[in-house]
Every structure is written in structure tokens, then in C-alpha cells.
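Q: Okay, here's what each chain looks like letter by letter:
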Amino acid sequence: KQEVTQIPAALSVPEGENLVLNCSFTDSAIYNLQWFRQDPGKGLTSLLLIQSSQREQTSGRLNASLDKSSGRSTLYIAASQPGDSATYLCAVRRGAQKLVFGQGTRLTINP
Amino acid sequence: DTGVSQNPRHKITKRGQNVTFRCDPISEHNRLYWYRQTLGQGPEFLTYFQNEAQLEKSRLLSDRFSAERPKGSFSTLEIQRTEQGDSAMYLCASSSWTGSLNTIYFGEGSWLTVV
Chain A
1 KQEVTQIPAA
11 LSVPEGENLV
21 LNCSFTDSAI
31 YNLQWFRQDP
41 GKGLTSLLLI
51 QSSQREQTSG
61 RLNASLDKSS
71 GRSTLYIAAS
81 QPGDSATYLC
91 AVRRGAQKLV
101 FGQGTRLTIN
111 P
Chain B
1 DTGVSQNPRH
11 KITKRGQNVT
21 FRCDPISEHN
31 RLYWYRQTLG
41 QGPEFLTYFQ
51 NEAQLEKSRL
61 LSDRFSAERP
71 KGSFSTLEIQ
81 RTEQGDSAMY
91 LCASSSWTGS
101 LNTIYFGEGS
111 WLTVV
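Top line first, the protein sequences correspond to chains A and B. Taking this note's numbering, the leading residue of the first sequence gets 1, the next gets one more, and so forth. Taking this note's numbering, the leading residue of the second sequence gets 1, the next gets one more, and so forth.
Some hints could be false.
Within a straight-line C-alpha distance of at most 27 Å, the following computed BS3-like cross-link-like pairs (lysine-lysine) qualify [unchecked claim]:
hint, chain 1, residue 1, chain 2, residue 2
1, B, Lys71, B, Lys11
2, A, Lys1, A, Lys68
3, B, Lys57, B, Lys11
4, B, Lys57, B, Lys71
5, A, Lys1, B, Lys57
6, A, Lys42, B, Lys11
7, A, Lys42, B, Lys57
8, B, Lys14, A, Lys42
Just so you know, these hints were derived from the structure itself, not from any lab.
Whole structure, please, built from the sequences with the hints as guidance.
A: Structure (C-alpha cells):
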């Protein structure tokens, strides 16, 4: 059974810092991995998707890496801003169907 | 492309009542998913449709839960005889099969509170 773990559960940093969120998964036979952002009481917004054959993806200040063999992914946020405050979720996909999510990292960027 | 739309956004119901949620996926997306999320947890998979066919159901989907996608477009999730443990956010998502580019897009969710 695939299990996804995100560390830390919560993170608070001052504005402007670069930061890394971690995601680990137990079964390396994944199809892809997706990072999402969730604001309080809202749905999920897709940030980045990394196919199993890829090592990283970049979008603006966000960079996600994937090391499938070790079962790890990181989300790097450069020059953090208060608007980046949200919960960040990673999810892995096996086959073409469901995503298995971690519990998320609740990020607070302090002005 | 107006995104995944879910209705109602909030529902408060008394225990024992039936509730129904509707999801309109992104047009031309042939895959539709339902997830449930409780406070402080990641979403958990409930069920998945490809076109009108329901291809997978989680053990979380008890016999009080039923999902349909009659014409392969919108979907409904009905919960019968609601229990307090059903209180959660119900998320709908959709995707299309276009080679390897199959990002899953989520709606804003439907909050259910059972009192």
C-alpha cells in the first residue's frame, strides 16, 4: 500500500527566505507526482506535475524535484512572500487512476 | 475552460437525511474523481469514472454512498442516512488522457456538516 509522508507538518518563516518542503513515498512504482496548494476552506490548486521519467519541474519561483528510486520529492520556494502562506500537498499517482496524498505542510510566511 | 465546478459549496444537514452533491468537470475531460478531506488531513480517494463507467471504488465508499455519471459529463455523489462522521469536504476532480499530460484539476469542494 502506497503511503505518502510530508515533513514538516507546519513551517513558519520570515518573508524573503528560500525554503524546501519534503515529500516521501513508500512505493517507487509511481506514474507521476503532483504538488498542490490549498488555501483555508478552499479546493486544491495544481502547482507542478513531475512525470516518473523526469527529475524536476519549474514554474516561476517554484521548483519541484523527484528522486523516484529513493522515494522522495522536494518543493523549493524561492524568495517567499506572505501570499505563499497555504497548505502544500504532494500526491503520487500509480497507473492512470487515483492520487495518494500526504497530510500536507502548513506554511506561514511572516511579513 | 471554466474549471471544475461543484454545488452546493456548503451543506448543513440533520443526521439521517440524504444529501446530494453535483460536480461539473472541465469540458472534454473524460476522467472524474471524488475525494473526501477531513480537517488537517490530505484528501482520500473515494471513486473514479472514465466517461460514464465507474471503474474504481474505495472501501471508504460505504453502501450509503452512491456516485453516478450518467452521460459521461457531470457527476453526482449522494450520501444516504447521513452520519456525523460524514462531515467533511467532498472534492471533485477531473483529467483527460492526452498522452502523458494528465494533470488532475480539483474543484473548490463541497463542505458537508452533519448535525
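Q: Just to be careful, I want the Cα atoms of Lys1/A and Lys57/B compared with a cutoff of 27 Å; is the pair within it?
A: holds (16 Å)
Q: Sort out whether Lys11/B lies within 27 Å of Lys57/B, counting only the CA atoms.
A: holds (24 Å)
Q: Is the hinted pair Lys71/B and Lys11/B satisfied, with a Cα-Cα distance of at most 27 Å?
A: holds (25 Å)
Q: Under the criterion that the straight-line Cα-Cα distance not exceed 27 Å, is the pair Lys57/B, Lys71/B satisfied?
A: holds (19 Å)
Q: Is the hinted pair Lys42/A and Lys11/B satisfied, with a Cα-Cα distance of at most 27 Å?
A: Holds: Lys42/A and Lys11/B sit about 15 Å apart, inside 27 Å.
Q: Taking only the CA atoms, is the gap from Lys14/B to Lys42/A under or equal to 27 Å?
A: Given pair Lys14/B, Lys42/A holds - Cα atoms ~23 Å apart, limit 27 Å.
Q: For the pair supplied as a hint, Lys1/A and Lys68/A, is the alpha-carbon distance within the 27 Å limit?
A: holds (16 Å)
Q: Straight-line Cα separation of Lys42/A and Lys57/B no greater than 27 Å?
A: holds (24 Å)
Comparing the model with each earlier hint shows no violations; every hint is respected.
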